[in-house]
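J.: Now for the letters of each chain:
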Amino acid sequence: MRRIRTIVQIIFTIFTNGYTYGYLHGKIYQGKLKYACVPGLNCYSCPGAVASCPLGALQALLNRRGFQVPFAMLGFFFVFGSIFGRFICGWLCPFGLVQDLLHKIPVLRKRKRLPFHHILKYGKYVVLVCLVGMGSLFLFGGFAKVPAFCKYLCPSGTLFGALPLMASNEALRGQAGGLFFWKLGILLILLLLSVKVYRPFCQYLCPLGAIYGWFNRFSLVQVRWERERCTSCKACQRACPVDLAPEEISRSPECIRCGKCAAVCPEGCVHFSPFPLQSGRKHI
Amino acid sequence: MDKGRQGRGSGMHTEAVGRGREKRGGHGWIFGLLAGAVFFGIGAARGELSAIWQKAVMICMECIGIG
Chain A
1149 MRRIRTIVQI
1159 IFTIFTNGYT
1169 YGYLHGKIYQ
1179 GKLKYACVPG
1189 LNCYSCPGAV
1199 ASCPLGALQA
1209 LLNRRGFQVP
1219 FAMLGFFFVF
1229 GSIFGRFICG
1239 WLCPFGLVQD
1249 LLHKIPVLRK
1259 RKRLPFHHIL
1269 KYGKYVVLVC
1279 LVGMGSLFLF
1289 GGFAKVPAFC
1299 KYLCPSGTLF
1309 GALPLMASNE
1319 ALRGQAGGLF
1329 FWKLGILLIL
1339 LLLSVKVYRP
1349 FCQYLCPLGA
1359 IYGWFNRFSL
1369 VQVRWERERC
1379 TSCKACQRAC
1389 PVDLAPEEIS
1399 RSPECIRCGK
1409 CAAVCPEGCV
1419 HFSPFPLQSG
1429 RKHI
Chain B
162 MDKGRQGRGS
172 GMHTEAVGRG
182 REKRGGHGWI
192 FGLLAGAVFF
202 GIGAARGELS
212 AIWQKAVMIC
222 MECIGIG
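Protein chains in written order, with the working numbering: chain A, 1149 to 1432; chain B, 162 to 228.
No lab work stands behind these hints, which were simulated from the structure alone. Model, not experiment: these values are computed from the prediction. Any given hint could be a false lead.
[To be verified] As a list, the in silico SDA-like pairs of lysine to any residue whose alpha-carbon atoms are at most 25 angstroms apart: (1) A:Lys1175 - A:Leu1320; (2) A:Lys1180 - B:Ala205; (3) A:Lys1180 - B:Ser211; (4) A:Lys1175 - B:Gly228; (5) A:Lys1293 - B:Ser211; (6) A:Lys1180 - B:Gly202; (7) A:Lys1175 - B:Ser211; (8) A:Lys1269 - A:Gly1407; (9) A:Lys1175 - B:Val218; (10) A:Lys1175 - A:Gly1325; (11) A:Lys1175 - A:Pro1312; (12) A:Lys1180 - A:Ile1159; (13) A:Lys1175 - B:Leu210; (14) A:Lys1180 - B:Leu210; (15) A:Lys1260 - A:Gly1407; (16) A:Lys1175 - B:Met222; (17) A:Lys1252 - A:Phe1160; (18) A:Lys1180 - B:Met222; (19) A:Lys1175 - A:Asn1211; (20) A:Lys1258 - A:Lys1269.
[Claimed, not checked] One-sided excerpt, in silico: chain B residues whose CB lies under 7 angstroms from chain A: (21) Ala196; (22) Leu210; (23) Trp214; (24) Lys216; (25) Ala217; (26) Val218; (27) Cys221; (28) Ile227.
Built from N, CA and C at the ideal position, the CB exists for glycine as well.
Turn these sequences into a full structure, and let the hints guide you.
T.: Right, dumping it as structure tokens:
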């Protein structure tokens, strides 16, 4: 399961960032595919990006003059969230893949969570409300509103957008200033932390995870736990990278549907399934 | 009582609540999907996809830490 997930993550990342011309010439794709968004965090200023970033798009709509409800992005989140929930985080997010790969590096003793996790986990909701919402609506750079999350926090934009663009575009390289180094610092801290702690950005800061997490309780893609067959061996909780108990798996907003619980359950009572299952039913 | 029923959160009340939640959540995704389709249609009709495209085809200076 773990290998399948990594392969899916890599294929999806290459597929959605496959505009090779952009990497070679320091430009970005400008075709019609950018009318659509990818489901995961994927900066549209990445030279390889063939579609838009959902958070960038949401902020672009909030940045318009006055206040207009961003219906298109609400619709996008409802559609993808209702089908996948945070499956998107676990399987289809390029920045999640980067953190997963870093966490595999066999140095340091690994931690699932940071100290004060029970408080810090609400950080992503604060980022969603303050930076993506209020920041984009009320923060002005000159006369125009600014996409506050992209500008001050987003590590995906720095990693997939700024670094490759600056590597191949000298004009942009010359403009790097304090803001760039602030964002580079955030990126480096998160990448280093990822070696020790499992997906710190996703667990504590990602507003997209906060949005999709809300859909976890009723999304189509679920990891079902059969209470009647469970022997309480806790193998699933030990395998869970975010330390969820069996009854929390899938419905918790923290569950990214990585499937590790399903892979290790000796009784086979945890499994991917779109619908509630009867006890004792056989699963493929 | 078998071993599974001695586990965490395995009381009768918790079990009933769990099943109730499962039933309620069973088809919620369909309503979410339909609501999403309606919202998306309204947004597209208001030209929001063009606004997204116009932003996405220019290098976003804020995103790369310059603007």
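J.: Run every hint past the structure and note whether it holds.
T.: Evaluated hints:
1. With a CA separation close to 11 angstroms, the supplied pair A:Lys1175 and A:Leu1320 stays within the 25 angstroms bound.
2. Note on A:Lys1180 and B:Ala205: the hinted pairing holds, with a Cα-Cα distance of about 15 angstroms set against a maximum of 25 angstroms.
3. Taking the CA atoms of A:Lys1180 and B:Ser211, the gap is near 10 angstroms; set against the 25 angstroms cutoff, the hint holds.
4. Pair hint A:Lys1175 plus B:Gly228 holds up; C-alpha atoms about 17 angstroms apart against a cutoff of 25 angstroms.
5. This hinted pair checks out: A:Lys1293 and B:Ser211 have alpha carbons roughly 18 angstroms apart, not beyond 25 angstroms.
6. About 18 angstroms separates the Cα atoms of A:Lys1180 and B:Gly202, which keeps this hinted pair within 25 angstroms; it holds.
7. Distance restraint check for A:Lys1175 and B:Ser211: the Cα-Cα separation of roughly 20 angstroms lies within the 25 angstroms cut-off, and the hinted pair is therefore satisfied.
8. Between A:Lys1269 and A:Gly1407 the alpha-carbon distance is near 21 angstroms, which keeps this suggested pair within the 25 angstroms criterion.
9. Of the supplied pair hints, the one linking A:Lys1175 and B:Val218 holds, its CA atoms being roughly 10 angstroms apart against a limit of 25 angstroms.
10. Distance hint between A:Lys1175 and A:Gly1325 is fulfilled; the C-alpha atoms sit about 20 angstroms from each other, no more than 25 angstroms.
11. Pair hint A:Lys1175 plus A:Pro1312 holds up; C-alpha atoms about 10 angstroms apart against a cutoff of 25 angstroms.
12. Restraint check for A:Lys1180 and A:Ile1159: satisfied, since their Cα atoms lie roughly 22 angstroms apart, inside the 25 angstroms limit.
13. Pair hint A:Lys1175 plus B:Leu210 holds up; C-alpha atoms about 22 angstroms apart against a cutoff of 25 angstroms.
14. The hinted pair formed by A:Lys1180 and B:Leu210 meets the criterion: a straight-line CA distance of about 11 angstroms does not exceed 25 angstroms.
15. In summary, the hint linking A:Lys1260 to A:Gly1407 is supported, as the alpha carbons are separated by about 16 angstroms, within the 25 angstroms threshold.
16. A hinted pair counts as satisfied when its Cα atoms are at most 25 angstroms apart, and A:Lys1175 with B:Met222 qualifies at roughly 13 angstroms.
17. Distance restraint check for A:Lys1252 and A:Phe1160: the Cα-Cα separation of roughly 19 angstroms lies within the 25 angstroms cut-off, and the hinted pair is therefore satisfied.
18. For the given pair, A:Lys1180 sits about 21 angstroms from B:Met222 by alpha-carbon distance, which is consistent with the 25 angstroms threshold.
19. Distance restraint check for A:Lys1175 and A:Asn1211: the Cα-Cα separation of roughly 24 angstroms lies within the 25 angstroms cut-off, and the hinted pair is therefore satisfied.
20. Distance check on the hinted pair: A:Lys1258 and A:Lys1269 sit about 18 angstroms apart at the alpha-carbon level, within 25 angstroms; holds.
21. The interface hint given for B:Ala196 is met, as the beta carbon of that residue sits about 5 angstroms from the closest beta carbon of chain A, less than 7 angstroms.
22. Annotation: B:Leu210 was flagged as interfacial toward chain A, and the flag holds, the nearest CB pair being 5 angstroms apart, inside 7 angstroms.
23. For B:Trp214, the shortest C-beta to C-beta distance to chain A is roughly 5 angstroms, which falls under 7 angstroms, so the interface hint holds.
24. Residue-level restraint check for B:Lys216 holds (minimum Cβ-Cβ distance to chain A is 4 angstroms; threshold 7 angstroms).
25. Proximity of B:Ala217 to chain A holds as hinted, the smallest CB-CB distance being about 4 angstroms (cut-off 7 angstroms).
26. Interface hint status for B:Val218: upheld, as the beta-carbon distance to the closest one in chain A is roughly 4 angstroms, under 7 angstroms.
27. The restraint placing B:Cys221 at the interface with chain A holds, with a minimum CB-CB distance near 4 angstroms, inside the 7 angstroms limit.
28. Hint status for B:Ile227 relative to chain A: holds, with the closest Cβ pair at about 5 angstroms, below 7 angstroms.
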